[in-house]
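Asks: One-letter residues, chain by chain:
Number of protein chains: 2
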Amino acid sequence: MAKDTITLMCASGCSPCWMVALALCEKEVEVTDYRELSYEKQEHKSAQVLAINPRGQLPAFKHGDIIVNNAMAICLYLESAFKSRGTQLIPDDIEEKAKMYQRFQEADTLRQKIGNVLFYDWMYPEEGHRSVFAVKRNSDLLSAEVQLWETYMPKTGSFLAGRNFTMADVCAFPCIAALVNYGLSQKKYPKIMSYYNDLKGKTSIAKTWPSFWINAPQGNTALKDI
Amino acid sequence: MAKDTITLMCASGCSPCWMVALALCEKEVEVTDYRELSYEKQEHKSAQVLAINPRGQLPAFKHGDIIVNNAMAICLYLESAFKSRGTQLIPDDIEEKAKMYQRFQEADTLRQKIGNVLFYDWMYPEEGHRSVFAVKRNSDLLSAEVQLWETYMPKTGSFLAGRNFTMADVCAFPCIAALVNYGLSQKKYPKIMSYYNDLKGKTSIAKTWPSFWINAPQGNTALKDI
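Protein chains in written order, with the working numbering: chain A, 1 to 226; chain B, 1 to 226.
The shape of chain A in the complex, shown without the other chains (with noise of 0.2 Å):
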């Protein structure tokens, strides 16, 4: 395979998906095989995916023969494969260096809790298998988790980590975006809804916005409550 070759499978409104994508824009790196894949049709589990990704998840990547399928490992790989390219995503000074991995890291936490909620019913396809307590349970911890990123928030004009967009912003913006998506409190969350309209103009955030949200019927309020 051409050693510049980019294959990226995605699903459009998946979390990780979208961080990648992102990342992908900020580096100015072009994907050369773009595949968008459904879930709905199962088509994380065909044969394309499996082949470079035994979980049969999204999204899938390879780089030439280099294989990286989890969404953070890909950010810190494009970075590193691309360092002189586009935005440095990763600062050179360490204090931010220091934030941008503790809140990189922690965006990973925020978009389980977020899944634990939203896709709950898919994870117990039988009615009879749910609990009404781990519903509560996951509920109740996506409320402690968006309640501590309230107080994550930077100022208008700053990022996550400092004064910079670095990947810190890549994986959070997604799972805020989905916060906010899904309904959030505006009241509740004035600094996180800050945020969220301060970036959502961004080139790169906006050129990468996932059209399965454009195009949704609005109303999808499931985490109003949270």
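It cannot be assumed that every hint is accurate.
In this list, chains with the same sequence are indistinguishable; a pair is considered to hold if it fits within one copy or across any two.
[To be verified] Subject to a maximum C-alpha distance of 20 Å in a straight line, what follows is the list of computed EDC-like cross-link-like pairs (lysine to aspartate or glutamate): (1) 207 <-> 30; (2) 83 <-> 28; (3) 136 <-> 121; (4) 191 <-> 65.
In case anyone wonders, no lab produced these hints; they're calculated from the structure.
Given chain A, put chain B in place with the hints provided.
Replies: Quick look at chain B alone, frame taken from chain A:
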């Protein structure tokens, strides 16, 4: 605070704490203020932890005035802050680096799936809130995960990302050791067992081995049927 002061609060037997202790040992960085705390005594919710880690979780880490608490973020930070000291935990070679980042992030998935099985009763302290369907699902997910890791295991003399011991091993070994400590089937997972046996005597690993496991009564086989 002196620039080189390193505070680390840990609990023995906690995998993320072991990851950090192991990274510090490999980087030959001395912890100047080490505090071993007890989850049982709820010390992770004490003022000394909350002052550094608002999640009230362990590890809690401070280097001079720089605070990082997520174990994987601490590992990435340490490699950067002490680049020229001790073992190089992020390889230069781009292929090894890609594999390292992938396994490093996947170690967190393994850790969580182990936790969902081992700590289920702790998550749902009231017996009436527990669900046999959730227990079954958690167990099935862990089985699938461990089967995947069985395919990831390197040959004797190699490591998870290639020829060298890297950050991937730092974060995966404590999880692998947890599997073995809780009775993983040697017959079903011979490659995982080989990796464990090859690495358990490594100086940094032996030196940081949790006293909790050494002193615990043998025979907790909670993971024998995974």
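Asks: Hints first: check each against the structure and report whether it holds.
Replies: How the hints compare with the structure:
For a Cα distance limit of 20 Å, the shortest separation of residue 207 from residue 30 inside one copy, 13 Å, qualifies, whereas the shortest one across copies, 46 Å, does not. In the homo-oligomer, the alpha carbons of residue 83 and residue 28 lie at most 20 Å apart inside one protomer (11 Å), although the nearest pairing across protomers, at 28 Å, exceeds that limit. Taking the shortest alpha-carbon separations for residue 136 and residue 121, both the intra-copy value of 13 Å and the inter-copy value of 16 Å come in at or below 20 Å. For the identical chains of this complex, residue 191 and residue 65 are neighbours neither inside a copy (42 Å) nor across copies (26 Å), given an alpha-carbon limit of 20 Å.
Of the numbered hints stated above, the single one contradicted by the structure is hint 4.
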